[in-house]
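Asks: In order, the protein sequence lines correspond to chains X and C. The first sequence begins at 134 in the working numbering and counts up by one. The second sequence begins at 38 in the working numbering and counts up by one.
No lab work stands behind these hints: they were computed from the structure. Since the model is a prediction, treat every value here as computed from it, not as a measurement. All C-beta atoms in this analysis are idealised placements derived from N, C-alpha and C, irrespective of residue type, glycine included. A portion of the hints provided could be inaccurate.
As the list claims (entries may be wrong) - Pairs of lysine-lysine, DSS-like flavour, derived with a Cα cap of 30 Å:
1) X/LYS451 - X/LYS135
2) X/LYS140 - C/LYS189
3) C/LYS65 - C/LYS81
4) X/LYS256 - X/LYS480
5) X/LYS140 - X/LYS521
6) C/LYS189 - X/LYS451
7) C/LYS81 - X/LYS521
8) C/LYS278 - C/LYS81
9) X/LYS480 - X/LYS149
10) C/LYS189 - X/LYS135
11) X/LYS278 - X/LYS180
12) X/LYS146 - X/LYS370
13) X/LYS278 - X/LYS480
14) X/LYS521 - C/LYS65
15) X/LYS232 - X/LYS480
16) C/LYS65 - C/LYS278
17) X/LYS146 - C/LYS189
18) X/LYS521 - X/LYS451
19) X/LYS783 - X/LYS232
20) X/LYS706 - X/LYS370
21) C/LYS189 - X/LYS149
Claimed, not checked - Some chain C residues close to chain X (C-beta under 8 Å, calculated; not the full set):
22) ARG140
23) ARG141
24) GLU161
25) VAL165
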Amino acid sequence: MKVLDRKLLREAKASKGLILAITSLVAVGVMCFIYMRSAHRNLTMAKDQYYAQCRMADFWIDVKKVPIAELPELLEIPGLTEIQPRIQFFATVDLERVKYPLNGYVLSLPDDRQNVINDVVLKRGSYFTERRRNEVLVNDAFARKHGLHPGQWIHLILNNRREELFVVGTAISSEFVYLVSPGSITPDPERFGVFYIKHSYAEEVFDMDGACNQVVGLLSPEVRERPDEILRQIENKLDSYGVFSKVPRKDQPSSRFLNDEIRGLGVFATIMPVIFLAVAALVLNVLMARLIDQQRVIVGTLKGLGYSNLQIFGHFTKFGGLIGLIGGLLGCFFGYRMSIFITELYKQFFEFPNLSNQVSVPLYVTAMIISLLCALIGSAQGAYAALKLRPAEAMRPKPPRQGGNIWLERFPRFWNRLSFGWRMVLRNVIRNRLRSSVGLFAAIMGAALLSTGFTLQYCVRYLIDFQFEMISCSDIDLTFKDERGPDALDESRRLPGVDRAEPTLDVACELFNGPHHRKAGITGLASDARLTLPRDLDGNIIRVPKTGLLLTRKIADLLNATVGTTITIVPTKGLRTPRDVPVVAISDSYIGLGVYAKIDYLSGLIDEELAMTGVQLEMDPRTSAYDRFYTEIKQLPALQAFNERASNIKNLMETLINTQDIFIGLITLFAGVIFFSSLLNTSLIGLAERRREVATLRVLGYSQWQVGGYFLRESMILNILGTLLGQPLGYLLVRYLTVVYDTEMFRFPMIWPASVTIKTLLLGTAFALAAHVFVQREINKMDWREALNVKE
Amino acid sequence: MSHGYPMIQSTSLNAQVANSRVLLHLDKIGKTYQMGEVSVEVLKNISLEILHGELLVMVGPSGSGKTTMLNIIGGMDIPSHGQVWYRDQDIAQATPRELTRFRRRSVGFVFQFYNLIPNLTARENVMVSTEISEDPLDVDDVLDMVGLSERKDHFPAQMSGGEQQRVAIARALAKNPELLLCDEPTGALDFDTGKKVLRLLVNLKNQLGKSILVITHNAAIADAADRVVRIRSGEIIDLHKNEFPRPPEEIVW
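Take these sequences, add in the hints, and give me the full structure.
Replies: So, in structure tokens, the structure goes:
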């Protein structure tokens, strides 16, 4: 090892606190880069592999009923390469050990194993056999949740009949990576499952002889990215069979959620490392500038001995290189561990056959290069100062810093009221412009991160509260298999434990406003409805108009509609007569694309007297009432779906909030690293520079705590100022995230309660105090008698 | 470049011989510092020759321009005007790169406050200079020469001022330069230690034939010199040859 390298290592060892602080900044930046990129890559690769393995469809078209014999004609459409007929229905599941009904999605698969579109991957058991007609494959997560295994019998209500099915195996499929029941935003494998049955059996139980009600297909690669035109052609051809919906892959719920997550990860994988590495580079820059200042004479000596500028520059940048190297290696290590952890965490949400952490050597190499570059850039700028000095000049001690007035002194009324201590503190903060700016910048970044974390926490809680406490107030929602008349409401009222029942009518429609159009369900509500209460952002109830529609904001925006706009609706079922209806009010919602109307008005639009597709119930809260209700409801053949608000909320809390808490814990930790490291650096550097000043104060009779107090005041000024300035940045960051995650299925509310700022201030202060513990220790340890004798 | 170390003969100089023995030649150099609006002329038209294998002592009070001249001779600074001839090169016109090469190959600096690197041992401090030289002396030999073979693994903070100065001399010497430049080498030392350091310098001249320039405000040291130049307010006021240099042990200050 070169002797100067030894010098470097010993210097590094002597200032290990500082090095540790900057290294941890670099390490966190690299760690975020590694684990977010890894998660991004793992999900992308798992997705691509899985989609290829299952031959993931490019589109899904739901029809009322189409003869399979008519389908080959579709293949004449150029770009359409393969199609597959399926039969699909929603059903309820009656498990003996579960007292309430569960929801299921029943899907047909060929009787014999074929290489179909949207194929399944078997997890346990086998594919259908020839032994029984009523065999079923259960989706694996549901089976695991309920302890189902091949060889068991289960009961499903299929087409109003309670059918017994024999479980032959469990399976997963690429179309259900993110499996959510209609209207939900998080998977609930306990309450919702997918059941694959033989196509022949499906034909039989659903009266679909030689027909199907869903067509999935593959497109040729050239048109895969722009499927709309082909889907329109297919729709035209199938028009007479009643097309309910046509969904390209990008809009398929599972695929969409997955893509949104991957996209969000990509955004985070850029923002987080940039924040940390920028702070690290700046802090390193300050540290290097001070190191070189301190070693001015050594720089001069080395020049005098014949060291070239490049050699000296190289020597000092090696210091940064060392930090980049250690930080990079640590970041790679923890990034590796984190990417395993996060990838495992994703398994809670996404079901893949083989989602695991793949180590990408180029990614780690890139991370090391980024780490080294950031550290080298940070230190090179500081080390450059060493080159400008002529050797003879470097040998002379640095001229004393100018001690002129600071701008605050131009306000004598304010300035004269300050104590000596505050004046000293303010002068130090303001005169050390570069160092203070870097400390401020770090505090701004840390505060922005912290407040973003806290706000997201509020946002998600508020979202759940808004949707499931304020808008939906029913305890239980029942969805019927078919449209029913007013008798269904009476039946529901007679169910045990029901205190109140309100009818709902869901009509799937296509809504048009000029060139803008969207598919959405219009929900009809009773005149006296109080179990669904559309609201505006402030929580005020928006009354559903007697005539016309109430749109939620997202669909209003998508349709470019405002109050007063007349839009055209075309129901996807029934007579499909286009109707012009006015938009009368707009409400807010964070989930889905809600449209509301009065139930009698909506019934009129589809030419019915009074129709309903479901009821919302308010229940007697006693457990015994629920139990009797469950027993009864399990026997109802006409039931298509059963939703309980309490379980929805519980599931949302468990999945969304728990995961979010992990992320917020991480963000807090990361922000802590920023606050702690940068403030520690600023203070320790200040301390090293002002040893004589500290010594003088000690000689004058100041205690070590008083001296420490001055340093604490300096870092608190930066900390508090930075936290306050970080709020707008955090606000922008949250704003940006609400845009990134603004989808048709799901949006973030943008709220910023004052408690976020207070919490950020408190936590920032805690981090600053933690850093100050180390500074105070240095002050206590300092031999101030010796400091006074130092030659400067 | 070949390094020759002709021994000094104590015969009177004849002009031609003198020319061939010139190592470095200052030709009417001046140095002016601009301090804001005021310009300060530190050196005024100085001409001086440094000969092969001589101990030249430059005496002058503080602020007389000694250190500036030393810095210019050592390639650490450049004059405002005039020429500095080292062999056939004018180092006053040299590029920074050429100056670095000059400092690396040809001169060894000994600083008043030693300027040792605090977290390197004595031996390592010497290695700082051998690692960049093309033709260095053996580090241990040099440390032995300055009488520090026993202390070579000590850090500067663990050594006395005299020892530190000897490390600094060893560091300058180990590069095997033709010219040693010493800035107040005894300035920070007590009397006895100062004399030991002076003895070391005289020995280096005698045994290795190095040219040595010592600047000092201590006139007594001049007694050990081959030639003495007196400087005041940036001008040479006297230059004389010492016919009988006294051994350092006999000098008193």
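Asks: It remains to establish, for every hint, whether it holds in the given structure.
Replies: Evaluation of the provided hints:
no.: 1; hint: X/LYS451 - X/LYS135; in the structure: holds, 12 Å
no.: 2; hint: X/LYS140 - C/LYS189; in the structure: holds, 16 Å
no.: 3; hint: C/LYS65 - C/LYS81; in the structure: holds, 8 Å
no.: 4; hint: X/LYS256 - X/LYS480; in the structure: holds, 15 Å
no.: 5; hint: X/LYS140 - X/LYS521; in the structure: holds, 22 Å
no.: 6; hint: C/LYS189 - X/LYS451; in the structure: holds, 27 Å
no.: 7; hint: C/LYS81 - X/LYS521; in the structure: holds, 27 Å
no.: 8; hint: C/LYS278 - C/LYS81; in the structure: holds, 22 Å
no.: 9; hint: X/LYS480 - X/LYS149; in the structure: violated, 40 Å
no.: 10; hint: C/LYS189 - X/LYS135; in the structure: holds, 17 Å
no.: 11; hint: X/LYS278 - X/LYS180; in the structure: holds, 24 Å
no.: 12; hint: X/LYS146 - X/LYS370; in the structure: violated, 77 Å
no.: 13; hint: X/LYS278 - X/LYS480; in the structure: holds, 14 Å
no.: 14; hint: X/LYS521 - C/LYS65; in the structure: holds, 28 Å
no.: 15; hint: X/LYS232 - X/LYS480; in the structure: holds, 28 Å
no.: 16; hint: C/LYS65 - C/LYS278; in the structure: holds, 21 Å
no.: 17; hint: X/LYS146 - C/LYS189; in the structure: holds, 22 Å
no.: 18; hint: X/LYS521 - X/LYS451; in the structure: holds, 18 Å
no.: 19; hint: X/LYS783 - X/LYS232; in the structure: holds, 18 Å
no.: 20; hint: X/LYS706 - X/LYS370; in the structure: holds, 17 Å
no.: 21; hint: C/LYS189 - X/LYS149; in the structure: holds, 27 Å
no.: 22; hint: ARG140; in the structure: holds, 4 Å
no.: 23; hint: ARG141; in the structure: holds, 3 Å
no.: 24; hint: GLU161; in the structure: holds, 5 Å
no.: 25; hint: VAL165; in the structure: holds, 5 Å
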